[in-house]
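A.B. asks: Assemble the complex: chain A is given as a structure, and chain B must be docked to it using the hints.
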Amino acid sequence: MVVLNECLTRIRDLFEEDIFKCQAGEGDTAPVATDTGLETPDSNTLLTPSNEKSGYSIQITHSISSVIGSGNTYTEQEVQLNSGNVNANRIVHEGITKGSNDEFTYITTWHITSGS
Amino acid sequence: MVSGDSFQQTRDNLGKQDDTKDLVLIGPFNETLIMEEGPTVLKARDVSADTIWNSFNWNASNWDNIYSSGFFLGNATFGVLGTSKLGDSPTSLTFERVVNPNNKFICYFRYNLFENSSTTATWNTTDGQLEFTTSASTVAISEPVFKNNQTVFKATPSITTANFDGGRIWLKTDSNAWEEATNNVEHTFTNTGTVLYWKIDNQGDIIGTANFPTAFGTWGLETNPTEITITKLTIQYTI
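In the order they appear, the protein sequences are chains A and B. For the first sequence, the working numbering gives the first residue as 1, with consecutive numbering after it. For the second sequence, the working numbering gives the first residue as 1001, with consecutive numbering after it.
Next up, chain A with everything else stripped away, as it sits in the complex:
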């Protein structure tokens, strides 16, 4: 009659294994749960992230090199699951323009917990 810790670990691992790629974009409408992707994705930023697990948490790091997206003003980012067929989230932020010498890194954290 209680959710076990090993269940949390298993869910964390399954989620982490399902992470496919991350992508940034230039859409700025507020995110809603019914979104199915970025509003204006930049396919050049569709890159495989690096993931780090700790406890029941996962940290996802999406690095965009200086040679990608110069001049674009990024405002949104997503984490893709299941070979890109499903998106885990979509975040929107104030725009920031990427210069030709700029390297961008998105870092997102997820946590799995249990409650009563």
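Read the hints as simulated data drawn from the structure, not as lab findings. A portion of the hints provided could be inaccurate.
Claimed, not checked - With a cut-off of at most 30 Å between alpha-carbon atoms, the simulated DSS-like pairs for lysine-lysine come out as follows: (1) Lys21/A - Lys53/A; (2) Lys1104/B - Lys1199/B; (3) Lys53/A - Lys1016/B; (4) Lys1104/B - Lys1043/B; (5) Lys1232/B - Lys1154/B; (6) Lys1016/B - Lys1043/B; (7) Lys1104/B - Lys1154/B; (8) Lys1154/B - Lys1199/B; (9) Lys21/A - Lys1154/B; (10) Lys1043/B - Lys1232/B; (11) Lys1021/B - Lys53/A; (12) Lys1043/B - Lys21/A; (13) Lys1199/B - Lys53/A; (14) Lys1043/B - Lys1154/B; (15) Lys53/A - Lys1104/B; (16) Lys21/A - Lys1232/B; (17) Lys1104/B - Lys1021/B.
To be verified - According to the in silico footprint, chain B covers these stretches of chain A (three or more CB under 8 Å from chain B): (18) 38-45; (19) 108-116.
To be verified - Non-contacting residues of chain B with respect to chain A, defined by C-beta distances greater than 10 Å in every case (computed): (20) Asp1019; (21) Thr1032; (22) Thr1040; (23) Leu1042; (24) Arg1097; (25) Ser1117; (26) Val1139; (27) Asn1163; (28) Gly1167.
Glycine included, C-beta positions come from ideal geometry on N, C-alpha and C.
C.D. replies: Just chain B now, with coordinates in the frame of chain A:
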């Protein structure tokens, strides 16, 4: 057929008594699975000063015209293998954006992403907790936990810990003035700004220097800061 052990009402005094009804179940039980989306940080850096290349610029012909550091062929100072590095050390990534779902920052201390280098408390990523010991005054200071060109007016910190006696939490914006807040109480900023930080200490700066034990107990000021272990910190803010 039903055995006597599993059908107690047909048994007399033979076999083990069914005492499952006497079990005392102590709740609450964790029966809900929660998957939380935490903060998303966008960090950036200018790599124009990179010498030759680094891992993010492979094949990018990102040569530098300033050989003040790193490895540079033909240079007597910076062309020494084993001394100067082949590939410059990139500049540090800076926090450009930090956004949180529902304007609520959540930290389980599993990563050092938000740990400022001035932190002296133990940011224990192995156990997922922030530790303040009794041996010394210690403090934990964050990197920006919200930064999105929007003004923060109010914030409510919530600390998960068995004991916060003697602990203090402070908040500040990029106006750079720490304001003491109270756990689980909404704080209205005197100095508003667009970047949010937090700081927690264990009141080491107001601890006295000496106790004097007597036959009736120990008197005087407390000599040691309070030991505190924090497993979760949330900050709900209003923009």
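A.B. asks: Against this structure, judge whether each hint is valid.
C.D. replies: We went through each hint and held it up to the structure:
no.: 1; hint: Lys21/A - Lys53/A; result: holds, 16 Å
no.: 2; hint: Lys1104/B - Lys1199/B; result: holds, 17 Å
no.: 3; hint: Lys53/A - Lys1016/B; result: violated, 48 Å
no.: 4; hint: Lys1104/B - Lys1043/B; result: holds, 19 Å
no.: 5; hint: Lys1232/B - Lys1154/B; result: holds, 20 Å
no.: 6; hint: Lys1016/B - Lys1043/B; result: violated, 66 Å
no.: 7; hint: Lys1104/B - Lys1154/B; result: holds, 12 Å
no.: 8; hint: Lys1154/B - Lys1199/B; result: holds, 16 Å
no.: 9; hint: Lys21/A - Lys1154/B; result: violated, 36 Å
no.: 10; hint: Lys1043/B - Lys1232/B; result: holds, 24 Å
no.: 11; hint: Lys1021/B - Lys53/A; result: violated, 42 Å
no.: 12; hint: Lys1043/B - Lys21/A; result: holds, 18 Å
no.: 13; hint: Lys1199/B - Lys53/A; result: holds, 26 Å
no.: 14; hint: Lys1043/B - Lys1154/B; result: holds, 25 Å
no.: 15; hint: Lys53/A - Lys1104/B; result: holds, 22 Å
no.: 16; hint: Lys21/A - Lys1232/B; result: holds, 29 Å
no.: 17; hint: Lys1104/B - Lys1021/B; result: violated, 44 Å
no.: 18; hint: 38-45; result: violated (count 0)
no.: 19; hint: 108-116; result: holds (count 9)
no.: 20; hint: Asp1019; result: holds, 18 Å
no.: 21; hint: Thr1032; result: violated, 5 Å
no.: 22; hint: Thr1040; result: violated, 5 Å
no.: 23; hint: Leu1042; result: violated, 5 Å
no.: 24; hint: Arg1097; result: violated, 4 Å
no.: 25; hint: Ser1117; result: holds, 17 Å
no.: 26; hint: Val1139; result: holds, 23 Å
no.: 27; hint: Asn1163; result: holds, 21 Å
no.: 28; hint: Gly1167; result: holds, 22 Å
Checked against the numbered hints above, the structure breaks hints 3, 6, 9, 11, 17, 18, 21, 22, 23 and 24 and satisfies the rest.
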